[in-house]
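**Q** Given chain A's structure and the hints, the job is docking chain B onto it.
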Amino acid sequence: MKINLDQPAEHPFWFREYFLMPMPIGKKAVNLRELLQALRELDESVLYYHIFQSRMAISQSAEEYPNEFARWAAKDLQDAKLAEKLSSFDPFDYENLTQLRQSVVDILEEYLWDIQYIPWARYGFEFHFCEASTVVMNSHICAHTLPEFCEGLRNVGLGALFYHFFEARWRLGVRNVDDFSYWIEANFGLPELVAAIRGIDIYFYSLSEIRDTLLGLMHQYLGELCDRTQ
Amino acid sequence: MIGLNDYAPIVGQEVIDQLQRLAARLGPRRFVHINSTRTGGGVAEILERAVPLLQQLGMDVKWEVIQGDQEFFEITKAMHNALQGYKVRLSPGMLDHYREINRENARKFTWESDFVLVHDPQPAYLINFLRPQAKHWIWRCHIDASRPERRVWKFLQEIVSQYEASVFSMSQFAQNLPHPQYLIRPSIDPLSEKNRDLSTAEVQEVLDRLGIERDKPIILQVSRFDSFKDPVGVIQAFRMVRRHTPCKLVLAGGEAIDDPEGPRIFAEVMEAAQGEPDIQILLLPPDAHHDVNALQRASDIIVQKSTREGFGLTVTEAMWKGKPVIGGAVGGIVLQLRDYNTGFLVHSPEGCAFRIRYLLHRPEMARRMGKMAREFVLHHFLITRKIRDYLTLMILRENPTERVMEL
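Those protein sequences? They're chains A and B, same order as listed.
Our numbering applies: residue 1 is where the first sequence begins, and numbers increase by one.
Our numbering applies: residue 1 is where the second sequence begins, and numbers increase by one.
It should be emphasised that the hints constitute simulated quantities derived from the structure, not laboratory data.
Keep in mind that a hint or two might mislead.
What the hints assert, rightly or not - Computed cross-link-like contacts, DSSO-like style, restricted to lysine-lysine with a CA-CA straight-line distance of at most 27 Å:
1) A:81 to A:28
2) A:28 to B:87
3) B:386 to A:27
4) B:154 to A:27
5) B:371 to A:75
As the list claims (entries may be wrong) - Okay, the calculated bits of chain B under chain A, using three or more residues with CB under 8 Å as the criterion:
6) 18–25
7) 113–123
8) 176–183
9) 303–316
Glycine is no exception: its CB is placed at the ideal position from the N, C-alpha and C atoms.
For reference, chain A alone in the conformation it holds in the complex:
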């Protein structure tokens, strides 16, 4: 299919900026049993922070663990088997945080059921619970066409990528649908590109890797014209 890259979208895409302020709640877990108990009781915002938002707080690009529970299990409890289990579940399999919480609780309950001693963290390496507040606002970057969209993608901050690509999955409530693919589908069709974007396994990418992957897909499906600067 021939794509007219200068075709304007019916609705332009406004990139939004996203600022995250982590909020420690002053509670900690020293061992796996305390982590389990806390996960049963604490607000869903705490779960959301440690599974999703924490990747906004400090770059984890060099780490192999996709959420903070798995990383704590590996690095501080020194329990590689538990870390593997906590790394392997897909948080996007669940429709809401209640279901997600139950799945993490199930993993920990099952693990604790079979072991003979409770893994403990050393002094100073406890798990400290956080949640976050966020500010979202329009950036000055707005795309009317696909080349403008690519240009915007290159220039927006990592917070915008988190908002449109991670946070959107919970906000839109449709599995694997993010703001970017939603806008492209609604304004230009392009089912193959849309499917490729929705096929990215985002759980294992840092935000800057997500940016590079998206730009790579745009280039692959739309050609060099999408690389030009308007």
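**A** Only chain B this time, still in chain A's reference frame:
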């Protein structure tokens, strides 16, 4: 004067635009910072740079410094040590003196403000006298308060609980408090005299003036002469390294007027270094930023072997200069140094010695580590990010019931 746009070549124009838009959405606000020293120590350094940048963003910012006598600063230093876990007892008379000095200072402050950020315990009690003068009172703790001494913390907890929010540098420092707590990572200013690029000639001029020869690899620790920075442990580590590999150690530190322990620790360090010609101890004035910059740039390995650390800005500074850093595995150092990646974490003088030797024998590894360290600081610990955090905090506190603020 350095302008916001001067940061664009380092952090990118989009970051500067972002700050301007965020400030515009917030609108002009009156913002008062209060701490206990104008020079010396990380807090004063941060404020010196952050205040003008916030002003350029349209905020009406004041920086107030409380005054106190020797006894007051001995009491607040004891409080500081207690927050960092030392067993310290404060008598009722000492606590009365602490309150009285705060009361005297409060009389001098006649401003009215939208936000007040009170740094550390020294001026915390001011809220008791000045509360009607500002809409939002926030306490900023720069100290590693992960294991505070119980009685001293109970005393401070009662004071801090009167604030509407508090800010810590690490989640493990947060406490059981009846108000929201936030995390703001400290930061460095890449354009300050302490961090700006220096020419080879500028570095050499400082070394010549301070009498440091570059005949052997230089190991450096820059920090106040404070027992929590463990300068004596660094000397022990150096002596272990020297048995195997030639190198020299420079310990460079200043004194802050709110730290009465400095001279005693300095004397202990001098004694530990006695008889070792390859150890140079420099007592620098608090404004020797240019000299510290040159020393960091001239060094081969930088050490920050703290046993407690609020954050460790000297680590951030060294990383920004592309140097391999070996740090104590405490406080914010843990967040900055990732073993074999952005630096090394150690737990003892022996561990410190081992890593110094490792890096002296692997210069390629040291270079790679330094490069990754600089990149890490660029993304997380520069002053532009901190300014953004301040603006975000103000927006969030003006809308305390909102968890997601859409502007």
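**Q** Each hint: holds or not?
**A** Now for the hints, and whether the structure bears them out:
no.: 1; hint: A:81 to A:28; verdict: holds, 22 Å
no.: 2; hint: A:28 to B:87; verdict: holds, 23 Å
no.: 3; hint: B:386 to A:27; verdict: holds, 25 Å
no.: 4; hint: B:154 to A:27; verdict: holds, 17 Å
no.: 5; hint: B:371 to A:75; verdict: holds, 24 Å
no.: 6; hint: 18–25; verdict: holds (count 4)
no.: 7; hint: 113–123; verdict: violated (count 0)
no.: 8; hint: 176–183; verdict: holds (count 6)
no.: 9; hint: 303–316; verdict: violated (count 0)
Checked against the numbered hints given earlier, the structure breaks hints 7, 9 and satisfies all the rest.
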